[in-house]
Amino acid sequence: AQSVSQHNHHVILSEAASLELGCNYSYGGTVNLFWYVQYPGQHLQLLLKYFSGDPLVKGIKGFEAEFIKSKFSFNLRKPSVQWSDTAEYFCAVSRYGGSQGNLIFGKGTKLSVKP
Amino acid sequence: DTEVTQTPKHLVMGMTNKKSLKCEQHMGHRAMYWYKQKAKKPPELMFVYSYEKLSINESVPSRFSPECPNSSLLNLHLHALQPEDSALYLCASSHLDGRAYEGYTFGSGTRLTVV
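Protein chains in written order, with the working numbering: chain A, 1 to 115; chain B, 1 to 115.
Keep in mind that a hint or two might mislead.
To be verified - Among the chain B residues that face chain A by a calculated CB cut under 8 Å, a handful are: (1) Pro43; (2) Gly103; (3) Phe106; (4) Gly109; (5) Thr113.
Stated by the list, open to error - Pairs of lysine to aspartate or glutamate residues, derived as EDC-like cross-links and limited to a Cα-Cα distance of at most 20 Å, are as follows: (6) B:Lys41 - A:Asp85; (7) B:Lys41 - A:Glu88; (8) B:Lys40 - A:Asp85; (9) A:Lys107 - B:Glu58; (10) A:Lys69 - A:Glu20; (11) A:Lys110 - A:Glu64.
Note that these hints are calculated values from the structure, not bench results.
Quantities reported herein were computed from a predicted structural model and do not represent experimental measurements.
Every residue, glycine too, gets a C-beta built ideally from N, C-alpha and C.
Whole structure, please, built from the sequences with the hints as guidance.
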């Protein structure tokens, strides 16, 4: 069965620090990969996605992620975090081919940015 | 219109009540989803509708009854819920088939409290 692992439960950073959140998935086939963000009290928003092509994808708000197929990883990065980046971050995977209902979420990483 | 609209935003109901959650989108998405999210947990899939037909039921108790009256609307009928059903209920939608890789659009959710 597919699974998604996010290594960090809670990350605490100071403003301007660099961020990297780990995500690994287990599925042998072709996958689509997503990072979603959930700000306190708000709904899930898509940060970025990968489905093919350049393994380094850029998303909104200065976030980027790199797909490393050999490591089954899709880590999220940001060079310099801001207090407003405080949120819960979810990595998600779905199998290529568009089969519905198979968006699998990781457990999430809570990011707290200290001003 | 690039939103998924959910109503109500908050709902408090007794264990003998009957209530409904509503979800609406006008993006032409033909897949719609209900997710349940408990505090500090990732969203968990409950139901999937594709082309207005129920395609996935993740072994959800019958006290939750989904309905998809048309391609833009998705309802979740609630009856005889338990306190442990208190959670954030999220609706999402997406394209199917060749465009499913574009990701899901989530609504803001309905915060349900069962007393």
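May I ask you to test the interface hint for B:Pro43 with respect to chain A, counting a Cβ-Cβ separation under 8 Å as satisfied? holds (6 Å)
B:Gly109 was flagged as interface toward chain A. Is the shortest Cβ-Cβ separation under 8 Å? holds (6 Å)
Does A:Lys110 pair with A:Glu64 here, judged by a C-alpha cut-off of 20 Å? holds (17 Å)
Would the pair B:Lys41 and A:Glu88 pass a check requiring their Cα atoms to be no farther apart than 20 Å? holds (10 Å)
Please work out if A:Lys69 and A:Glu20 have their alpha carbons no farther apart than 20 Å. holds (18 Å)
Is the shortest C-beta separation between B:Phe106 and chain A less than 8 Å? holds (4 Å)
Are the Cα positions of B:Lys41 and A:Asp85 separated by 20 Å at most? holds (19 Å)
For the pair supplied as a hint, A:Lys107 and B:Glu58, is the alpha-carbon distance within the 20 Å limit? holds (18 Å)
So, as I understand it, the hint says B:Gly103 touches chain A; can you test that by seeing if any CB pair is closer than 8 Å? Holds, about 5 Å.
Is the Cα-Cα distance between B:Lys40 and A:Asp85 20 Å or less? Roughly 17 Å between the alpha carbons, so the hint for B:Lys40 and A:Asp85 holds.
Quick one, is the B:Thr113 hint okay against chain A at 8 Å, beta carbons? violated (15 Å)
Violated hints amount to a single one, hint 5; each of the other numbered hints is respected by the structure.
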